[in-house]
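K.L.:
Each chain, written out:
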Amino acid sequence: MKKTLPIIALAGALAAHTAAAQDKLTISVYSFAQDAYKELLYEPFQELCGCELVIETGNSIERMAKIEANAADPVIDLAVISSHDALSLARKGLLSPLDTSRISSFDKLYPAAQDPLGDNMGVGYTFYATSIVYRSDLVDIKSWGDLLGPDLAGNVSLPNIVGTQGPLALMMLDKSMGGSGDFSNVISKIGENADNIVTFYSRSSELAQLMNQEEVIAAPLGRFAWSRFKSSPLPFAWAEPEEGQAGGMNVMIMTKGNGNEELAYQLMDYWLSTEVQTRIAEARIDSPSNSEVVVSAEIADDLTYGADLINSLNIISPADIIDNRDAWVEQWNTEVIK
Amino acid sequence: MFLSTKEGLALALPAAIFSFLLFLVPVGILLSEAFKSDVGWTISGYTEFFSKPLNRTVFFRTLKLGVLVAGTSAIIGYAAAFCIVNLPPKSRGRIFGLVILPLMISPVARTYAWIVILGRTGIVNDTIVGLGLSDTPIRLLFTETAVFLGLLQLFMPLMIISLVSAMENIPRDVIPAARVLGASWFQVFFRVILPLTKEGLVIGGTLVFTGALTAYITPAILGGSKVLMLETLLYQKVNVSNDFVSASVIAMILIVMSFSANLLLKRIATARV
Numbered sequence: 036m037k038k039t040l041p042i043i044a045l046a047g048a049l050a051a052h053t054a055a056a057q058d059k060l061t062i063s064v065y066s067f068a069q070d071a072y073k074e075l076l077y078e079p080f081q082e083l084c085g086c087e088l089v090i091e092t093g094n095s096i097e098r099m100a101k102i103e104a105n106a107a108d109p110v111i112d113l114a115v116i117s118s119h120d121a122l123s124l125a126r127k128g129l130l131s132p133l134d135t136s137r138i139s140s141f142d143k144l145y146p147a148a149q150d151p152l153g154d155n156m157g158v159g160y161t162f163y164a165t166s167i168v169y170r171s172d173l174v175d176i177k178s179w180g181d182l183l184g185p186d187l188a189g190n191v192s193l194p195n196i197v198g199t200q201g202p203l204a205l206m207m208l209d210k211s212m213g214g215s216g217d218f219s220n221v222i223s224k225i226g227e228n229a230d231n232i233v234t235f236y237s238r239s240s241e242l243a244q245l246m247n248q249e250e251v252i253a254a255p256l257g258r259f260a261w262s263r264f265k266s267s268p269l270p271f272a273w274a275e276p277e278e279g280q281a282g283g284m285n286v287m288i289m290t291k292g293n294g295n296e297e298l299a300y301q302l303m304d305y306w307l308s309t310e311v312q313t314r315i316a317e318a319r320i321d322s323p324s325n326s327e328v329v330v331s332a333e334i335a336d337d338l339t340y341g342a343d344l345i346n347s348l349n350i351i352s353p354a355d356i357i358d359n360r361d362a363w364v365e366q367w368n369t370e371v372i373k
Numbered sequence: 039m040f041l042s043t044k045e046g047l048a049l050a051l052p053a054a055i056f057s058f059l060l061f062l063v064p065v066g067i068l069l070s071e072a073f074k075s076d077v078g079w080t081i082s083g084y085t086e087f088f089s090k091p092l093n094r095t096v097f098f099r100t101l102k103l104g105v106l107v108a109g110t111s112a113i114i115g116y117a118a119a120f121c122i123v124n125l126p127p128k129s130r131g132r133i134f135g136l137v138i139l140p141l142m143i144s145p146v147a148r149t150y151a152w153i154v155i156l157g158r159t160g161i162v163n164d165t166i167v168g169l170g171l172s173d174t175p176i177r178l179l180f181t182e183t184a185v186f187l188g189l190l191q192l193f194m195p196l197m198i199i200s201l202v203s204a205m206e207n208i209p210r211d212v213i214p215a216a217r218v219l220g221a222s223w224f225q226v227f228f229r230v231i232l233p234l235t236k237e238g239l240v241i242g243g244t245l246v247f248t249g250a251l252t253a254y255i256t257p258a259i260l261g262g263s264k265v266l267m268l269e270t271l272l273y274q275k276v277n278v279s280n281d282f283v284s285a286s287v288i289a290m291i292l293i294v295m296s297f298s299a300n301l302l303l304k305r306i307a308t309a310r311v
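Heads up: the protein sequence lines correspond to chains P and F, in order.
With the working numbering as the guide, the letters of the first sequence map in order to residues 36 to 373.
With the working numbering as the guide, the letters of the second sequence map in order to residues 39 to 311.
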């Protein structure tokens, strides 16, 4: 009996450990708004599934490196990431195609969010518009081309090309110059005007500081950061340039062979549901990709919201970014940063 | 109390093991990445790095700013240190405390202070416009001048501390003796003070130069992406491009520059003046 008891206890502990291991889902997310996500998404989901969510945060490069380094035995089950970073992982064979029949809200998603990477490698969960934030008391923005015009010389900042906003700004500046689709001309033009550009910012928080200190009076910005400017005592405005606004999307992806697909699909289904997407939109965290989400006009003003706006966005294909980014960065380093 | 060789080794062993396992091995592995390729060992990482004009610009800018910051610190530091060691003991402690005070404040806070000072609405531009030297505020932030000022403020106390320490060891009657024998102040400095404080200059120069080369926060905040230095470029290679080979090459270049500076300064110090 003395020998039997520890064996039973050990077997019980092992069984409990196995059950716990099966009920754990590890997700990789942006560090942004984690307290709100915890309240609006993670905790309700954990109650619903009776499982444990392990949240891993970091910048895109760190998170992608972790997925790549553990490809043989994935430590991340599900990740949310920009569409072009997701495509980069898909091309390395690190992602599993999604079975969209297991996502009940799939048909409610805007068409652009349903298969943004091709081969069902990911599904869009949020959109963001990119336009120009500017000081309405000092300048009036009518075109993306105004950023490189004489009126704003010495008072404008552009996003760094290696960030998410960089290629979007290049696309719209190219459009203002006639829209060749080849960014080499616009990079050269930025190079010619490099002395008139205060700095090339990397984070929206950095830009907010520069604009609040009146170092910069106009710059391209993702709508997700607009609330930082809207609440400022300075009169900032969101431009609606004649070339339109650029747009981007973040997607959910599933790592290949993670063995935790069932729970990952449950979380995807929950996250994309009208109920959860509405809750997250009302908290002004992410703009919804579910077309059935309805929010008030006041909240919509802070988001990239509604079919008309989303369908009007100029979206650069993830493949174009991946295929051309090295050449853009090379030219940028030669002609702009020098 | 004298220790036998065995006892000495036994006492040094824990620290040696700690340094070897937790510093030298990981750094060695990291740096060896710069010499690896698919076909074996190579220096192609270095040739490729220096073949790019941007990298060469960043390398020479880092070297230039390091030398300028160390040189300016030495010039200002000698004057400050000479003044401090000749003050009455009570005042000397107070002034020395003020020199050390910035070292107790976070480099982030100190660097952000420069944003306020050098900004378009900062005190420098207010003065320039107020005196009628310019109609509009001039661009000071995100320039090499801003990075130079930030680094100088950050590291000059290290030079002053080293020089004060060296000057305190100069025999008190040496300078008056030189003056009595007819030496000018210029000769006193170059023939008496400088030779007797060269060890302090080597230590201070190495600390300031190495600090300026490897500082990240100040160039990142005051220079941004327009005034890249090797350290900010290294960060970009790791965190933006995921290019660990180039990052290892930059790390190795920084280490070589630091050691070279130390060796060069020691060589100058041991040369006959």
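FYI, nobody ran anything at the bench for these hints, they're computed from the structure.
None of these values were measured; they are calculated from a predicted model.
Errors might be hidden in some of the hints.
Unchecked claim - Once the Cα atoms are required to be at most 20 Å apart in a straight line, the calculated SDA-like pairs of lysine to any residue come out as:
1. Lys264/F with Lys101/P
2. Lys304/F with Thr181/F
3. Lys373/P with Gly93/P
4. Lys373/P with Arg229/F
5. Lys264/F with Gln244/P
6. Lys101/P with Ala151/F
7. Lys275/F with Leu75/P
8. Lys291/P with Asp154/P
9. Lys102/F with Pro91/F
10. Lys264/F with Asp164/F
11. Lys90/F with Gly128/P
12. Lys264/F with Lys275/F
K.L.:
Hint by hint, say whether it matches the structure.
P.N.:
Outcome of the hint check:
no.	hint	in the structure
1	Lys264/F with Lys101/P	violated, 30 Å
2	Lys304/F with Thr181/F	violated, 32 Å
3	Lys373/P with Gly93/P	violated, 30 Å
4	Lys373/P with Arg229/F	violated, 44 Å
5	Lys264/F with Gln244/P	holds, 17 Å
6	Lys101/P with Ala151/F	violated, 37 Å
7	Lys275/F with Leu75/P	violated, 36 Å
8	Lys291/P with Asp154/P	holds, 14 Å
9	Lys102/F with Pro91/F	holds, 16 Å
10	Lys264/F with Asp164/F	violated, 24 Å
11	Lys90/F with Gly128/P	violated, 32 Å
12	Lys264/F with Lys275/F	holds, 16 Å
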